[in-house]
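S.K.: Chains as they are written, first to last, in the working numbering: chain A, 1 to 276; chain B, 277 to 783; chain C, 784 to 1099.
Don't take every hint at face value.
Said to hold, decoys possible - Not everything, but these chain A residues come out facing chain B in the computed CB check (under 8 Å):
1. 109
2. 166
3. 167
4. 168
5. 170
6. 171
7. 173
8. 174
9. 175
10. 176
11. 177
12. 181
13. 186
14. 189
Because the hints were derived from the structure by calculation, they are not lab data.
Source: prediction; values computed, not measured.
Glycine included, every Cβ here is placed at the ideal spot set by N, Cα and C.
Given next are the chains, with one letter for each unit.
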Amino acid sequence: MSRGVFPADRAGVAGAVVLAVAALVALAAPLLVPADALDVTRVSDAAWQPPGAGHWLGTDHTGRSVALLVVRGTGTSLFVGLTAAVLSVGIGTLVGILSGHVGGLFSGALLRVTDFFLVLPSLVLAIALSTVLPRGLGTIVVAIGLTSWPSTARMVRAQTLTVEARPFVDRARALGGGHVHVVVRHVLPAVVPLVLVNATLAVASSIVAESTLAFLGLGDPTRISWGALLHQAQLHGAVPRGAWWFLLPPGLAIVVVVLAFTLVGRALEAVVTPRG
Amino acid sequence: MLELRNLTVHYGHTRVVDDVTLSLAPGQTLGLAGESGSGKSTVALSVLRLLPKTARVDGDVLLDGEDVRSMSWGRLRAVRWASASIVFQGAMHSLNPVHRVGDQIAEPMRLHGTSGNVGDLLEQVELPREKAQAYPHELSGGQKQRVMIAMALACGPRLVVADEPTTALDVIVQARVLGLVTRLVAERGLGLLMISHDLSVLAGTCDDLAVLHRGALVERGPAREVVARPRHPHTAALAAAFPVIGDPAHRRVGPAPAREPLLQVRDLVVDYGRTRAVDGVDLAVGRGEVVALVGRSGSGKTTLARAIMGLHKPASGRVVFDGAEVPSKGRGLKAFRRQVQLVLQDPASALNPRHRVRDAVAEGLRVHGVGGDVDALVAAAVERAELRPASRYLDSLPHELSGGQQQRVVIAGALVLQPRLLVADEPVASLDASVRGEVVALLLRLRAELGLATLLITHDLGLAWQIADRVAVMHEGAIVEEGPADRVLLAPSHECTRALVRAVPAL
Amino acid sequence: MRLAGRFGGAALSLVMVAVLGFFLFRVVPGDPVVSMTRGRPTTAAAQDALRAQFGLDRPLHEQFWSYFTGLLRGDLGTSFTFRRPVAEVIGDRIGPTLLLVGTSTLVAVLLGLWLGVRAGWRRGSVFDRVTTGASLALWSVPTFWLGMLLMMATGEVFPSRGMRDTDTAPDFVSQSLDVAHHLVLPSVTLVAVVCAEYVLVMRSSLLQETAAPYLVTARAKGLRDDLVRRRHAVPNAVLPAITLVFLRFGLVVGGAITTETVFSWPGLGLLFYDALTGPDYFLLQGLLVVTAAAVVVMNLLADLLHGVLDPRVEVV
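Isolated chain A, as found in the complex:
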């Protein structure tokens, strides 16, 4: 259980460093990228330039710098990933603790609903939601958050049941402790570390989900995100043109950040659930 295990996990540390850099880039993007450098109407450079002296990652179909676009997209992708993960893990934790603690018919119904949404293809649901709701960042967050909570709910429920089956909860009840006492003093402290791990992993999958929705053209049209860049690349034929410089950077950015969240999540998991 010692906190000292975490730094020892080199992959986890590497992930944390990548995330720190990504966060810095996202925060500093308005300073790094001049306001009119990405305005299609003001850009005068040639389209589809390969990487070179002028633009070290080349230009897109309108002549904007791919490097600047990727920097600008960092904030959107991170924001959606984080908020959707918080929403999803929040719902999941609430449902999980309720269905694990309350018991009876209510718990059975809640479990039924959780299992139902767990097997449904979440991407399909997210696509449906973002089609019917007005386009925007909020819609993307809601579409991802509302469709990805069941796995957290399942895990939190399992942990709640495990804790409540432990004799120390019997002891707390026999001492006269009520629902609030048991949940606050015994269940929550045991659930929180797992929830943190889950949230970290949820950010990873939310970023992938965001990029997929944006790629399918369901993103916020007013904002630049890595997925939206790949949507543009597909739409304007980057592949047949062989414009690898428009394809690689946004995709690699997604992979690196998602992998970083995953590695940090797994390292945290190893700390939270030590193996014998």
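Start from chain A and add chains B and C according to the hints.
M.R.: Here is chains B and C on its own, set in the frame of chain A:
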């Protein structure tokens, strides 16, 4: 046949087995006794070189004169099970859940080319031949242990190592399995190395006894002699932990006067799912009285205790405390729970691993909103439970304490509310033999000093003999016999009680 | 009894799928007809006609009743863009998807379980580290991006659009070879991403078994290491892994949508993409109901299969 010479095993820098020298002649039976962490299971696994790679083994392990440690893999695989086999502890997990038990018994026979028949082996361990078709989960604990024994005999080894073969079994099943082992060993002239924490089990089965303490061998000799005249203080502590029923020296309470009833259970019925676990029980505990509720596992005694505490809703019947009926919920139940405290079997799991001793003991005070100097109350309760000085323990986490200390913390958490009745469910069953005596003494002292009544739930008749004023015997959800401890235990009238008394291993 | 319970549960899930499909597209802000006709020349009268045609002018409960009875008859409504029954449109496209998803799942399951077992049994070995690292990396890759990369990297070696060429000879062998040739890139994409997940699932499932006491028993009997693994560890570890594989079938469905979009594979995924660019609500609703129902059925199958494979689970 088996010879250990200066066997020493390290895990990292921890020495688990320390310079053990032992030998076992063909047909000889040797009991190896020790508490948890004494290294006894490590000795068992080292016989067939089954220790994990992280273990460093020094010394010699000679099996029929050949060193197991230097054998080639092929030779080692040939020796395993054919020369020596192991009956593992916890048959539940040592059998593969997805294979039929017949196939699992036949597997080593096919592997080593031994002739024989699974059905015959099952009959030898007194199981019907058809059980070969069963999966492990379809068998009871005792049946699974019999399958393990049949499997151990499959290749006709000359040595059987039995590692806690009866732990976790019900008392009566334990007696039957031990009888079976004794018979098979005698019939086949097997060498037996039996490992247990329970000196009485070993003394009843083996000719010789050896005692391990912190990895080192402290005593070895003929079983009767070791038990009767222990030379090492640790052996003496182990032997004292198993009181002899009927021996006045082991009885710690005098004759008791009739007492006013404190807790009365009237015609209580409790259902567990579809089975009726408690079927119309009447029971009374007087003020300051220790009543032992004994019975086989599954007889419903723990369910009864949970129903009394309001942790399980009874189907019908009443619980009356101090003249007033206990309601099933709300404020009245909470007030009752302040006066009646629960002490559970396994102190390690009865304490939240994240809570420090201070918080664990203060939990009851917080729940009941007791004001005043909480720290002083907690410290006093901890000292009362004989953890002195309290300041040394208050900031510890449960895993930093020994089993006995953990149980004292649980008891302190009960005492802090100044209860009038303790409901203690197997309070010493999971404790090491040497600690058990101290906790028993603590319970007695609390009764004497505080007038604390106790409802003691146990399978252990020796414990009942030691401290109970009265004994109630439970069988299939009903109380079949009840009376003063010496009468019930020495002159039992019901067949169930007689069976329980007979099953106690004799030293 | 448990068998009846399983079927009952699946039936309930299917009803929930139907209800979800209905309300998702009705109880939302905005008028479906307005959004479906967005960007097209239309008049108020034409919109009213459309509303009447799709029954959108009727009360909600009547709409639901006709939708639900229609579902039971296999009627999923009419597609706005195709002007044909949704069920027919879906029926035309289901074959290519079954081919792509079926092949990819089969390969991914076999490869994933095999790699996962190998990696888990030798935890910490070079093989384990490479396999786990590659799986984690692949798991982080958006499916569509991997598809685009593969397309660009292989150039003209494999066809990257559609399912068959127009100039292929009409005989069965040439047609099959042509389809197989077109199948390579989409299925490699789908396998890579899905397989990564299976490797991780199988590996952790096996790791949970490596400390099991029955493996010590097996070793004590004198079994070789590979027999301990094959006969004792794997049968126990595979069961939860297979359940998880089926449980996460939704992942394959999601992957299929983007893969088909990237490679213009004429299946349900591409249809999905076409429907949402419309947007064609009735087609989307039909697709949602059909894919969700397929996943529910897959789960029922997984449950039944688990009952057959695991002696601890009573099926009847």
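S.K.: Return the status of the interface hint for residue 168/A: holds when the least beta-carbon distance to chain B is below 8 Å, violated otherwise.
M.R.: Holds - the Cβ of residue 168/A comes within 8 Å of chain B, reaching about 5 Å at its closest.
S.K.: Quick check on the hint: residue 176/A CB to chain B CB, less than 8 Å?
M.R.: 4 Å, holds
S.K.: Return the status of the interface hint for residue 189/A: holds when the least beta-carbon distance to chain B is below 8 Å, violated otherwise.
M.R.: 5 Å, holds
S.K.: Would the hint on residue 167/A be counted as holding, given a Cβ-Cβ threshold of 8 Å to chain B?
M.R.: At about 5 Å, which falls below the 8 Å cut-off, the nearest Cβ of chain B leaves the hint on residue 167/A intact, so it holds.
S.K.: Answer holds if the nearest beta-carbon of chain B is closer than 8 Å to that of residue 173/A; otherwise answer violated.
M.R.: Status holds, d = 6 Å.
S.K.: Are residue 186/A and chain B close enough, Cβ to Cβ, to be under 8 Å, as the hint says?
M.R.: Because about 6 Å separates residue 186/A from the closest Cβ in chain B, which is inside the 8 Å limit, the hint holds.
S.K.: At a threshold of 8 Å, is the proposed contact between residue 181/A and chain B supported by beta-carbon distances?
M.R.: With Cβ-Cβ at 6 Å, under 8 Å, it holds.
S.K.: Report holds or violated for the interface hint on residue 171/A, using the least CB-CB distance to chain B and a cut-off of 8 Å.
M.R.: Constraint on residue 171/A satisfied, holds at 5 Å.
S.K.: The hint names residue 177/A as touching chain B; please verify it with the least Cβ-Cβ distance against 8 Å.
M.R.: With Cβ-Cβ at 5 Å, under 8 Å, it holds.
S.K.: Hold the hint about residue 166/A up to the distance rule: shortest CB distance to chain B must be less than 8 Å.
M.R.: 6 Å, holds
S.K.: When the nearest CB of chain B is found for residue 174/A, is that gap smaller than 8 Å?
M.R.: Hint on residue 174/A: holds, closest Cβ of chain B at ~4 Å, below 8 Å.
S.K.: Once the shortest beta carbon distance from residue 109/A to chain B is found, is it less than 8 Å?
M.R.: Since chain B brings no Cβ nearer than about 21 Å to residue 109/A, farther than 8 Å, the hint is violated.
Taken one by one, the earlier hints fail for this structure only at number 1.
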